[in-house]
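Quick mapping for you: the protein sequence lines, in order, are chains A and B. Counted from 1, the first sequence has number 53 at position 53 by the numbering used here; the numbering is strictly sequential. Counted from 1, the second sequence has number 1208 at position 208 by the numbering used here; the numbering is strictly sequential.
Honestly, the hints are just simulated from the structure, not real lab data. A few of these clues could be false.
[Said to hold, decoys possible] Example chain B residues on the side facing chain A (calculated, C-beta under 8 Å, incomplete):
1) Gly1023
2) Leu1157
3) Val1199
4) Ala1209
5) Phe1214
6) Asn1221
7) Tyr1223
Virtual Cβ for every residue (Gly too), placed ideally from N, Cα, C.
Protein chains: 2
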Amino acid sequence: MKKTKISEIKVFAPATAANLACGFDVFGLALAAPGDFVQMRLNNSHAIRILKISGDHGMLSMNPDENTVSVSVRALLDKLEIKQGFDIILRKKMPLGSGMGSSAASAVAGVFAANQLLGQPFSKTELVRFAMEGERIACGSAHADNVGPSMLGGICLVRSNDPLDIISLPVPPQLFVVLVHPHINVLTRDSRAVLPAAVPLKAATSQWANTAAFVAGLFNNDYSLIGKSVVDHVAEPHRARLIPGFDEVKKAALENGALACSISGSGPSVFALVKGEAGCQKLARAMRKGFSSLNIGSEVYISRVNKKGVSIV
Amino acid sequence: MKKTKISEIKVFAPATAANLACGFDVFGLALAAPGDFVQMRLNNSHAIRILKISGDHGMLSMNPDENTVSVSVRALLDKLEIKQGFDIILRKKMPLGSGMGSSAASAVAGVFAANQLLGQPFSKTELVRFAMEGERIACGSAHADNVGPSMLGGICLVRSNDPLDIISLPVPPQLFVVLVHPHINVLTRDSRAVLPAAVPLKAATSQWANTAAFVAGLFNNDYSLIGKSVVDHVAEPHRARLIPGFDEVKKAALENGALACSISGSGPSVFALVKGEAGCQKLARAMRKGFSSLNIGSEVYISRVNKKGVSIV
């Protein structure tokens, strides 16, 4: 169904928490905020131009061949085999290198905006693979655990990246996410490097029992089971060493009512899952204190799971 | 709630297929048949006596300290801190050492029968841990992936053996199981020995993506997703070598409409999951042919998933 073309659009793509402890490289969920805003308009050249980037502290390239937002749009155009120019303004309203899916949000916002301006030739699900090309230049591999939930919203299971198979999971109504971003730098490269090449069979078995149990917990609105299953025997023991204060922050979260607490993506952000909104502020303060006691500043984001995903502003 | 005591009972505990490919050590399902029959009555001594065992070709011990059926009953009595004698007749109507949960079925039948004769002090779920003591003497470790479904019926996820945490999963209405038992011997010891001590991270990640997807498939009655997710990157590649003809049997199953096909438990039985009953007979013939072409005899069991589990006959 071809829609009427518009010439300019502004969209928002949310931040995401990937892995969710047990589901290394396979689970991700979308936050209500923060996220990236992309303003895009058709131009009469055949060039994709990045006019402006704000909120990145000068860290991102304005070169359209090097920026995730434009590379993703180019992948979309290549698939359509058309030439079309776009002018892009990217407003990053979320931290980079935070483990919150910053590059994914930009890519998702880019392809979603371009798809709207082109009359929606693709569904959201189809757009995921173009946004994954943005992940490829940002992270070295085309994976969907952040792109999927930023695009589709909700909680996603990436069963396979190639061929792409994403399953949307149910979101229990009382599930809240508290995400604390500490002001430290952890390079994705380093957090990949500390991972073991192989997982002891026993730890691996626990992990696949827990991913299965997490899904059952989501379908059954079983918050207790969600809490028990969102644990990580594989990546967290290694990556926690890269995040000063992680053990204290996690302890504080669990002592203050969190169902579960672990590293968001490759870190350094730390997320907690919570049943109900009531205790979230107190929980967030306790988690931040774990960092501030080491003189590490942080900001916190409290939200329901964002079931909508990327959207027009 | 204490029920009226009866002095004699006959029960049936079904065979089970554990692992279900992706879920090594964590998934299991119950078959309608075959299974074990146990006849039990209270006696006036304090002794647990095995009066007779049939169908075991003389392979099982009549010594109550060495037989899974009696050891499990003793674990139950120890928990109650009572002394009570039982006379037990065990009729094995299923093959031993087949990867169909033979020792688990005997243990489940034993504790379920004893619990009935004692006025049901325990729920079925509570009985699982006693039956696991039978598994401990039969296999060396107390695991629940066969005991769970034989007791509770349906498809079980054993999230953890200790502390025990079993989750009953939904059973899609059109799901059928074709299980072929080839007449070859594979020792559980050997099928454990071929397993690697560690799993490459990439294979492990696929595995926990697939256990999660399998659960989503069961909740959504998504047979296609069930088929895609019931694959095994961890145990099957190693254990298949112990089963002559496995590759041909699996190929035959998939070519004849199976959603998925893999090794039942530690083998040598091979199971296929099928949507609908219509094609099961043809599928079963094709699978058996894979064995018979190597002059290996087999028998086949076709059934829905048994949602009832152990029951009074």
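Hint by hint, here is what the structure shows:
Because the closest C-beta pair between glycine 1023 (chain B) and chain A is about 7 Å apart, less than 8 Å, the hint holds. Of the supplied interface hints, the one on leucine 1157 (chain B) holds, with its beta-carbon coming within about 5 Å of a beta-carbon of chain A, less than 8 Å. For valine 1199 (chain B), the interface hint holds, the least distance from its beta-carbon to any beta-carbon of chain A being 5 Å, beneath 8 Å. Because the closest C-beta pair between alanine 1209 (chain B) and chain A is about 4 Å apart, less than 8 Å, the hint holds.
Given hint, phenylalanine 1214 (chain B) at the interface with chain A, holds; its Cβ is 7 Å from that chain's nearest Cβ, closer than 8 Å. Contact between asparagine 1221 (chain B) and chain A, as hinted, is not supported at the beta carbon level, the nearest pair being about 12 Å apart and thus beyond 8 Å. This hint is violated: tyrosine 1223 (chain B) has a C-beta 14 Å from the nearest C-beta of chain A, more than the 8 Å allowed.
The structure shown violates the earlier hints numbered 6, 7.
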